[in-house]
Amino acid sequence: MSTTADTHPGRRPLSRVLGRLGGYSQVATTVVLLAIMLTVGATLYQNFTSPQALVDLLGKNAFLIPLAVGMTFVILSGGIDLSVGAVMALGSVIAATLLQQGWSAPAVIVAVLLTGTVLGTLVGTVISKFEIQPFIATLAAMFLARGLCLVITDRSITIKDALFRKVNLAHLNLFEAQVTNVRGRTRTVDVYTTPSVLIALGLVLVAFAVLHYTHFGRTVYAVGGSEPSASLMGLAVDRTKVMVYAISGFCAGLSGLLFSFYTASGDPVAGIGYELNAIAAVVIGGTLLSGGAGYVFGSVLGVLTLGTIYAYKEFDGNLNTGWTRILIGGLVLFFIVLQRVIASRRWAR
Amino acid sequence: MGPEALSTAPPPAAQPDVDPIVEMSGISISFPGIKALDEVSFRLFPGEVHSLMGENGAGKSTLIKALTGVYSIDGGSISLDGHAVEFTSPAHAQRAGIATVYQEVNLVTNLSVAENIFLGREPRRLGLIDFRKMRTDAKRVLRTLNLDIDPSSLLSTHSIAVQQLVAIARAVDVRARVLVLDEPTSSLDQREVEELFGVIRRVRGQGVAVLFVSHFLDQVYEISDRITVLRNGRLVGEHPAAELPRLDLISAMIGKDLAALEALEEGTKREATERVDGGALVTATQVGRKGTIEPFDLEIHRGEVLGLAGLLGSGRTELVRLLAGADRHDQGEVRFDGNVVKLRSPREALDRGIAFASENRKTEGLIGDLSVRANIVLALQAARGWVRQIPRNQQDEIADRYIKALDIRPPNPNQLVRNLSGGNQQKVLLGRWLLLEPKLLILDEPTRGIDIGAKAQIQKLVATLAEEGLAVIFISAELEEVVRLSHQVGVLRDRRKVAQLTNDNLAVEDILEIIAAEAEKSP
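Sequence order for the protein chains is A and B.
Heads up, the first sequence is in the working numbering, so the first residue is 1 and it goes up one at a time.
Heads up, the second sequence is in the working numbering, so the first residue is 1 and it goes up one at a time.
Hint data in this document are derived by calculation from the structure and do not stem from the laboratory.
Keep in mind the model is a prediction, meaning the values are calculated, not measured.
Just so you know, not all the hints are guaranteed correct.
[Stated by the list, open to error] One side of the interface only, derived from the structure: several residues of chain B facing chain A at Cβ under 10 Å:
no. : residue
1   : G69
2   : V70
3   : P90
4   : H92
5   : A99
6   : E104
7   : P411
[Claimed, not checked] Beyond 10 Å from chain B on every Cβ pair, some chain A residues (computed):
no. : residue
8   : L33
9   : G41
10  : T43
11  : A209
12  : L235
Positions of the beta carbon are idealized from the N, C-alpha and C atoms, including for glycine.
Let the hints inform the model, and build the full structure from the sequences given.
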């Protein structure tokens, strides 16, 4: 007669429900937190949650989404990628420079994405082949990419290409909404978004499908859960790690493109510290920093949370930028502690 | 072959005219400082269960890891189906049809049960994983092991025993030609072992070659067709199970003659019954911790061995963690040497003379990348503070003394601990705590997963230490051992101390009866 709890059929549904909730509880916390922050914003500032302002939370941070998506892959596998901000800048600089030299826009787009992917592949290869700490390897890559930016150009280059301009100025009307302005007049406006947002959201959907419904995606979780076990299970650990950094590199390249759409320029000093924003977004989104557990949608929520914090600053000109950072730091700390608490609860069970 | 075979022994399946599926010949593997395998040959026939026997450190796990591509071999050759092969990774060996369940559960607990069974060969539809099919397939696979668990549940929500069964389910389901099971039964209960053996017999009937490793002799004789014995990295012999009497097997494994072995066991028995009572050292009154262990009373005298018995998860470890300062008690009162103490950390406990050797010697005890010497002096150095470094010659002297006293093998103080066998690692850990000259020594499963020889040595050591006036708390899942060593036996059930028995002619059955009361009570 067995004494293990697992074999009591009567208890299964409850433990199953608990298990599920345990998995989503962090993402749920992020949703609640975001709602609270938006409510606070709405009571403090007029039009903080107007339809356009809400859509702009995505629009203004569109280039942060691919960074967070790539970072989600890396962190899920148990790694970290500090190079993404620099690679993003490199992407924008390469785009601007090549366009300046007369390359066609599609060729430039391919070149930028390829650069990011190749860089990521190299870093991933170094990490898996020589068993280097990802922190150090990607730190080196960060300096390398930032250095390349500055070698190519030491100042921002304006993009005049027609396609890039078009994407920059494009407004995709979503729906009409009633808006009340400061003087109390109500009028009907079109709520719009940008192609960048659609590209970023498309990437999120693809990432979700890859992470949850492909062999590669599940292997990423397995490697993050326990690398020695994954290896003994006969999974291609090395290849998975290389691919994870390649994906992060690709995403950083894509971010570079979105950034150059958004600013119509290539800037060698853009995105300094964005890798940390991406990490913060992933952590706030509930992904375990030690790897193996988390959701890419959580990371998008993380980006929105950061966006809301930045929006406070935009709506309130008197707010010291220091406070936005303090708020982000506090949130990251909160979520890290939350992860520990949930993890230790799980152990106790 | 052996007409007077044990009734439980299955008929020998390996026919002389069948070619072996695996043939390992002259395999040598060296680690820095030791020769783990020295020209070992091993063959495995289709449709047989072949047990690999030997003490810890004999090279069983190394041989298995050579076969499954975890280690690369320094010398010799491996052939599979008559073709020479050289596996460079576990994935490589798996593709060639060798499925393995390693000693430590090697699954990913952050994924679902179903995914752990199918990871690497997921059913797909339109290129994406077909989770519905995976779930139904997993249910089917688990049913063959009579395991009724939700395939979608996270593996981490299940006990180690269930995780072990899931690992076995994964290995069996890949329909390999060779199935390697390294200590698959160490965390299973009797019923689960029976289910496993049913599965092993079934795959054997399908012509699969099964390589089986276990420390439980009964199990080995119940399931094996043939037995290969290793000792100190060398091949001792290969025998049909039915033609190898138990005593011959044991003497082949430990390389001592049997008289010496029996004398050793007798020795422990005798010494354990003589007892030096030096008065109460620890008195616990209604001590407990919410959600961890119900309040209990406990008294340990100097020179006494207190055994704790109970099933896995019954609260044995939780109880001693309170006494060792690893967890804090939130109820009751602990008196140590007459004074009320509230231990807040293992360090405080150590200062008072309480040493705790955890059951997880790898994660909560030894530092694998340090030498035997460094591991032994670690706690003493910590107690002295890190500024006053223990002089090197003194370190050497200490290391030599304990290597000799505890018979640590190989007797090399520079050897990295991770290259030692389980039994020798345990001795290093013991040496570390003994060096501090504690008043109370808490040993949580010190003999788990180690061989008969080392087990007997550790038992003897415990008996001797008690004789010298040390108080010892001894936890073991093996009741024979508890009964043999202990003066007092505490029995735990469902995180509650339910009985305290004085050991005069205590029988294993008496303890079993108390523990078994649980099985009838629970739904």
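Hint-by-hint comparison with the structure:
The beta carbon of G69/B is positioned within 10 Å of a beta carbon in chain A (closest approach about 9 Å), and the interface hint is therefore held. Taking 10 Å as the C-beta contact cut-off toward chain A, the hint placing V70/B at the interface holds, the least distance being around 7 Å. Hint status for P90/B relative to chain A: holds, with the closest Cβ pair at about 5 Å, below 10 Å. Interface hint at H92/B: satisfied, since its Cβ lies 8 Å from the closest Cβ of chain A, which is below the 10 Å cut-off.
Taken as an interface hint, A99/B checks out: its beta carbon lies about 9 Å from the nearest beta carbon of chain A, inside 10 Å. With 10 Å as the threshold, the beta carbon of E104/B comes within range of chain A, its nearest partner Cβ sitting at about 9 Å, so the hint holds. With a cut of 10 Å, the hint placing P411/B at the interface with chain A is violated, because the nearest CB-to-CB distance is about 30 Å. No beta-carbon of chain B comes within 10 Å of the beta-carbon of L33/A; the shortest separation is about 24 Å.
A cut-off of 10 Å between C-beta atoms confirms that G41/A is not in contact with chain B; the least separation is 35 Å. Every CB of chain B is more than 10 Å from the CB of T43/A (nearest about 40 Å), matching its label as outside the interface. Look at A209/A: its CB is around 7 Å from the nearest CB on chain B, not clear of 10 Å, so calling it non-interface is violated. The non-interface label for L235/A is inconsistent with chain B: the shortest C-beta to C-beta separation is roughly 6 Å, within 10 Å.
Hints 7, 11 and 12 from the list above are not met by this structure, while the remaining hints are.
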